[in-house]
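Colleague: Residue numbers (the working numbering), protein chains in the order written: chain A, 1 to 345; chain B, 1 to 345; chain C, 1 to 345; chain D, 1 to 345.
Read the hints as simulated data drawn from the structure, not as lab findings.
Here are some chain C residues pointing at chain A (derived, C-beta under 7 Å):
| # | residue |
| --- | --- |
| 1 | Leu192 |
| 2 | Tyr193 |
| 3 | Cys194 |
| 4 | Val196 |
| 5 | Asn197 |
All of these numbers come straight from a predicted model, not from anything done at the bench. Idealized CB from N, CA, C, for every residue including glycine.
Protein chains: 4
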Amino acid sequence: MVWVGIIGASGYAGAELVRILSGHPAVQLTLATSRQHAGSRFDSLYPALKDCTDIQLESYSEERVCQNADIVFTALPHRLPMSIVPEILANDRKVIDLSADFRFSDPERYGAAYQSHTAPDLLKEAVYGLSEVYADRIRSARLVGNPGCYPTSVLLPLVPLVRGGLVEREGLIADSKSGVSGAGRSPVPETLYCEVNECFRPYKVGAHRHTPEMEAILGRETGKSVRLTFVPHLVPMNRGMQSTIYARPAQGVSAADIAAAFSDAYAGCAFIRICSSGQVPDVRYVRGTNFCDIGFKLDEARNRLILMSAIDNLVKGAAGQAVQNMNIMLGLDETTGLGAVPFPV
Amino acid sequence: MVWVGIIGASGYAGAELVRILSGHPAVQLTLATSRQHAGSRFDSLYPALKDCTDIQLESYSEERVCQNADIVFTALPHRLPMSIVPEILANDRKVIDLSADFRFSDPERYGAAYQSHTAPDLLKEAVYGLSEVYADRIRSARLVGNPGCYPTSVLLPLVPLVRGGLVEREGLIADSKSGVSGAGRSPVPETLYCEVNECFRPYKVGAHRHTPEMEAILGRETGKSVRLTFVPHLVPMNRGMQSTIYARPAQGVSAADIAAAFSDAYAGCAFIRICSSGQVPDVRYVRGTNFCDIGFKLDEARNRLILMSAIDNLVKGAAGQAVQNMNIMLGLDETTGLGAVPFPV
Amino acid sequence: MVWVGIIGASGYAGAELVRILSGHPAVQLTLATSRQHAGSRFDSLYPALKDCTDIQLESYSEERVCQNADIVFTALPHRLPMSIVPEILANDRKVIDLSADFRFSDPERYGAAYQSHTAPDLLKEAVYGLSEVYADRIRSARLVGNPGCYPTSVLLPLVPLVRGGLVEREGLIADSKSGVSGAGRSPVPETLYCEVNECFRPYKVGAHRHTPEMEAILGRETGKSVRLTFVPHLVPMNRGMQSTIYARPAQGVSAADIAAAFSDAYAGCAFIRICSSGQVPDVRYVRGTNFCDIGFKLDEARNRLILMSAIDNLVKGAAGQAVQNMNIMLGLDETTGLGAVPFPV
Amino acid sequence: MVWVGIIGASGYAGAELVRILSGHPAVQLTLATSRQHAGSRFDSLYPALKDCTDIQLESYSEERVCQNADIVFTALPHRLPMSIVPEILANDRKVIDLSADFRFSDPERYGAAYQSHTAPDLLKEAVYGLSEVYADRIRSARLVGNPGCYPTSVLLPLVPLVRGGLVEREGLIADSKSGVSGAGRSPVPETLYCEVNECFRPYKVGAHRHTPEMEAILGRETGKSVRLTFVPHLVPMNRGMQSTIYARPAQGVSAADIAAAFSDAYAGCAFIRICSSGQVPDVRYVRGTNFCDIGFKLDEARNRLILMSAIDNLVKGAAGQAVQNMNIMLGLDETTGLGAVPFPV
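Same shape as in the complex, but just chain A:
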């Protein structure tokens, strides 16, 4: 039995890790930290999990973490992980970081979007944890930078097409919509019930920090600079993320070519479901699951490819993909502990 710990278990992503890891048959959740709630039982914070876990939240201590965990998940605000991950790795522990701190290979790019990186050497070895795309590298990684929720929803449909040259690199647009849990559990006026319910709005228009993350990966995959216009929107729902992506098909590309590219790229990938023709992804179909549903429509009259994806922002967009990465690193079937049947309603 592998021992796992969570640094930062009281936010929504951390709590979702507790949920998944508590039900995981091959690991034991041995430790969970929270600065704010140290000393409290986790289920006093999340009574839903009463009788499902008796874990107690504690303060972070390098010693406690390294004594009690073989693999460590860090679910902290960016900037904190880069200060503690080096010491955890130095103890021969593996780390899956859910923040942005280890998603970039280039410290300049990270610095431009966030702040100066204090552990730039680790960026060379950190693997971007987009599970289906980088499984081979994840398998042998000791440090995984778990992708952002928006990048997961945009890159899974886009990467196979840019890799194969099926769409033009120029003029890519992603119009994304997220449920509110993505904004986290810290109380701010913007995510109060009455400020979200019966509301719909874009935010951080053309300025969201997931943009450089996506551009970096698209650039790596094409070997060229790629620019992406990205506008996120807030949807009155708890969980779920939908992206509609607009691209120019390369000359001569047919709908069958697109379909084939997805089939090839994601053959054997249990969590990718390609919609049949005429069907569209809906976040409700993936709620509470690690699935990414992908659909597309090629509008030949307008020379436009419309890609659509749906994920659960807390699962495939955060904790679920992190556990999928852990499974890959441990040599387990990637679906272990992630195979619950989705809710029909």
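We have chain A; now place chains B, C and D onto it with these hints.
Modeller: This is chains B, C and D only, laid out in the frame that chain A set:
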């Protein structure tokens, strides 16, 4: 491996049965019927379950059912089960019926609330499937009448107290609130999104057919006629049911007595969680689970006991309790296939 | 043109006052204060009102208020109004206070529920602003304590019946449900979107401070001590409040008697709508309006009267009733500025 | 006092017309028809409007309509208006049609999107009722084709820019999101509460019939063929429509140029509000109002202009704009009856 079938799999309760049974480790879902959608794959109706089940919906046929199922769930509108259950039982199959048809032992009472019963003899042997209360009888039953959602939420907190004489029989009131999935999947104006969202209303005030069901069980448990005032309300949410129940405590009854009665009644019951003092049940804590959370407040100044419960109407209030009953009938641990860790958010 | 000011305009009730008063044909909104947002334009806080008001938020100053307002609305947390209202009244201004500070005539009772009252002499002259019930006293008041939202929804159906002796004083129960705006705009974890959406729970069970407010009025109307069991619940919706009230009918009372009592009590009251038989109040019918819809069902078999009411907690439950009271005090038609046709959906 | 009638008053758009016209100070609502609900009072269908209108629904009769109305609103499914509008016009009545039947000037284009037009001659004189853009022609029209909700939300931000050549004609994209009331009141499974709540999905991807409507207007304004990629999405909320529109700025165009174009185009337009820099439209700010809020962000690094708009789909997107058009036709101030102050929450 036990073979199970579902008669009426296309409604919300039937679909929830498909979800739970598809993930159940000790049974095989072999058959699912739908009059309206016969010939379609189940996942074309509920795309959430794509890659999770490949069951095909078919028309009802006694022969097909009895060939393919050892245990049969009927999730049909009342009146239909009583016409087919006799022939299924005659084939030595066991039946768990989710309609009202086998919840009453007295055909008169059933007739007064619904219509004339066409298989009244079966009412004598049918067992009321309130799992924690009637486990002993369920264990050896061949026909279980699965309780209504409201009765489950009201009886689980009330039965231990009326049994023990801790509350007065007179003047019981249950004010209940249900998510919209309880109204089913047939399109009617009342359950359109815009007719429920940002709405809140009572319905069938003092006239809901779950009232005689509850009064019958309370009467059986006390040996006397019991009258219950019951008002259901519709809440803008998909799943969940909350009941606030008002009773007069018997003379001299203390909060400790109430707590002890619950501890005694539900010791070892994995799905009953009694809230600690100061906490209240919230439907979000039980969403997607088979839990029933129970809390109470004794207001001595007003000589009033306030009981509160929360369930998921589709799980503990329907499909989950049905599978729990199946587990009991099969001699399995009652939590088999029902143990998923709840979502924190 | 009468000049009016709002002390505390940045919360939801204050903002609703801005909305109503900005559209009121007989008054001019001349001043609005906010400690936290002094110096900002109101519409920078509530962009919905852009082009509808150009009022600027300022700090409280007795001098500014009394120079600029004939009538002052105080929409502050309790305890603050009692420190400033005396000086405003001393300047011959009239005050309508939306907090609890002037709802009680007995300082002891106020003190037991809140804290020691620092202006107890004013309680003698303050008029409880339940418009339809106390219009005569409101007309000549210089200080009105505007009722709480829950009391408004419970007292409007109950008062005519307890006055007339149509229900028993003993054993009254109010099970109430409120939209989230009632919790205000201060960011706390409990009212974050994800902590309310798809949730339903009771709160402050048997301990809400609106209980003594209701008991005081019911006591005044019956001349005897009245005890009320009151349980509020939180509904995932922005606005709206529904109460289901359970009472014992007095001997011999018929449904016609109840209907007649309402007709008599509320004849000519533009904002009270009595549901016809078989219809129930729904909060959606009163959303954004000053209506209180009232329905009832007499269950003779169980000797129980079920009363139901629906209001908009921010309008009839707060700002709307406050403006109605202002209209009465000014000798205007009570519907002035409050007559917008409700939204059908 | 002008007499107005509504043909098709029982759907959501028709009911919204009843709401607005009942409160309109310069007209009298004299007649409302409904095939399905003829003989019922309107407020039995929409109890929110009890005491606000006593209009009775009746069957359509040319004679009754022309006797009782000077101006007629038709709020019927497309295809029905073109069969009755000719006879109403022949009686010298004016018509504002909310369906698609009179939005196209070219019968071919209408026929391609809908079906063969049976009154093609009227298309020549029908005026497209985008109030701010075509006010001059609306003023003297006897037949107005009221724009679709999506076209209103897309064209109001786009038209001033394509007119002025500030954006390229090629590669326009509109990603729109609508509340559920846009789907109407007929009960279908897709708009049941549980099939929308906690859901988010695109629909009619690249195939919505509002696309040719928008392309026709954009073509007229540029004098050239324009192609628009349009993807609508369904948002779990009752009312509201948000569009995010992506365009290439013409060479040398600055943010100041865009701002100036809007200022010029919409100077004196009471219902157009241009967001200040850094602010974005949110549907909540326009809920229940006839406003169209418009914002934009010029992303120079990516050579992309992002336009954003928000309207209430039932008001500016349907009934409100229809009444605005009526006001223009009657020579009234365009805001008459449409000036209610928006709700802050």
